[in-house]
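J.: Chain residues, written in single-letter form:
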Amino acid sequence: DAGVIQSPRHEVTEMGQEVTLRCKPISGHDYLFWYRQTMMRGLELLIYFNNNVPIDDSGMPEDRFSAKMPNASFSTLKIQPSEPRDSAVYFCASSLGTSGGAWFGPGTRLLVL
Amino acid sequence: GQQVMQIPQYQHVQEGEDFTTYCNSSTTLSNIQWYKQRPGGHPVFLIQLVKSGEVKKQKRLTFQFGEAKKNSSLHITATQTTDVGTYFCAGYSSASKIIFGSGTRLSIRP
Numbered sequence: 078d079a080g081v082i083q084s085p086r087h088e089v090t091e092m093g094q095e096v097t098l099r100c101k102p103i104s105g106h107d108y109l110f111w112y113r114q115t116m117m118r119g120l121e122l123l124i125y126f127n128n129n130v131p132i133d134d135s136g137m138p139e140d141r142f143s144a145k146m147p148n149a150s151f152s153t154l155k156i157q158p159s160e161p162r163d164s165a166v167y168f169c170a171s172s173l174g175t176s177g178g179a180w181f182g183p184g185t186r187l188l189v190l
Numbered sequence: 038g039q040q041v042m043q044i045p046q047y048q049h050v051q052e053g054e055d056f057t058t059y060c061n062s063s064t065t066l067s068n069i070q071w072y073k074q075r076p077g078g079h080p081v082f083l084i085q086l087v088k089s090g091e092v093k094k095q096k097r098l099t100f101q102f103g104e105a106k107k108n109s110s111l112h113i114t115a116t117q118t119t120d121v122g123t124y125f126c127a128g129y130s131s132a133s134k135i136i137f138g139s140g141t142r143l144s145i146r147p
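Quick note, the sequences are listed as chains A and B, same order. Counting in this note's numbering, the first sequence runs from 78 upward without gaps. Counting in this note's numbering, the second sequence runs from 38 upward without gaps.
In short, the hints are calculated from the structure, not lab data. Hints may be right or wrong, so weigh each one.
[Stated by the list, open to error] Derived pair list, reagent style BS3-like, types lysine-lysine, alpha-carbon separation capped at 30 Å: (1) B:Lys73 to B:Lys96; (2) A:Lys145 to B:Lys134; (3) B:Lys107 to B:Lys73; (4) B:Lys73 to A:Lys155; (5) B:Lys107 to B:Lys94; (6) B:Lys107 to B:Lys134; (7) B:Lys73 to A:Lys101; (8) A:Lys145 to B:Lys73; (9) B:Lys134 to A:Lys101; (10) A:Lys155 to B:Lys134; (11) B:Lys94 to B:Lys134.
Only chain B is shown next, with the shape it has when bound in the complex:
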């Protein structure tokens, strides 16, 4: 069946360092979404990418969708303590089935 793999599982960085999480699907996706979940909270929608090769930015966050629409990445420039949380990608297949990645838990040393 369709799988969405996300790496790394954990990332511990010094405040101010950059952070990247990668998402890979076993099948072509119609679109991909990214979510952030703070400790003890619920996933919060960040963004959706639809087009092949699409790049979107939200302040210090840069999201990319691969040319083959099977992979995606989220890059955070100059992390801040407010970036702490788990970042999930979620891929929609052509059958409108959404599969969440396993998430990358980001922790930050002040």
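Chain A extracted, bound-state conformation:
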């Protein structure tokens, strides 16, 4: 398996633009997580899905953020409109149940100007 795949790897956009981050989890994994990492706030869990159903989105910072998982092999995290404070590395991770480790993707480095 190729591991967790994220795209794009880098994104530079201007404030107010819509940003869509994509993730393909490891085949067979039933949990999918979206994280945001910054120097100031560390690694934050934004939302996670179990069997494509959002379980906990309490980490989503505000209504500008939304996430979907239309099927077991694809998820998106959308920011609309984007703001400079959204600049961060966004990681997607997947796992098989909660008793095993989470496999992280390479991340998307987002810069909002």
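With chain A held as given, fit chain B onto it using these hints.
T.: Below, chain B without anything else, positioned relative to chain A:
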């Protein structure tokens, strides 16, 4: 809410010295996981501890889970330059919610 505190925030050691990072949760955990993130990389899963008082070893790394299942530690014996990175603990609550610690950044003088 549930919090997972990790100390120290930074550790700078001479190559060959030992290193320890500690993780403390405000609530009892169902299990705890440890991850390593190299500079510019993504977190990589190292190990999971489930049982009270559990101790696991991976070569020079020793992981412990406290008796009350609220704290954990990672100890590296005789550090090497390949150990450089940030080490995170991640605690699972009974509600299956995972909380990452703030991480300990390890740097090493050759």
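J.: Hint by hint, say whether it matches the structure.
T.: Evaluation of the provided hints:
no. : hint                 : verdict
1   : B:Lys73 to B:Lys96   : holds, 15 Å
2   : A:Lys145 to B:Lys134 : holds, 19 Å
3   : B:Lys107 to B:Lys73  : holds, 20 Å
4   : B:Lys73 to A:Lys155  : holds, 27 Å
5   : B:Lys107 to B:Lys94  : holds, 20 Å
6   : B:Lys107 to B:Lys134 : holds, 15 Å
7   : B:Lys73 to A:Lys101  : holds, 22 Å
8   : A:Lys145 to B:Lys73  : holds, 28 Å
9   : B:Lys134 to A:Lys101 : holds, 22 Å
10  : A:Lys155 to B:Lys134 : holds, 22 Å
11  : B:Lys94 to B:Lys134  : holds, 26 Å
When each numbered hint is compared with the structure, no violation occurs for any of them.
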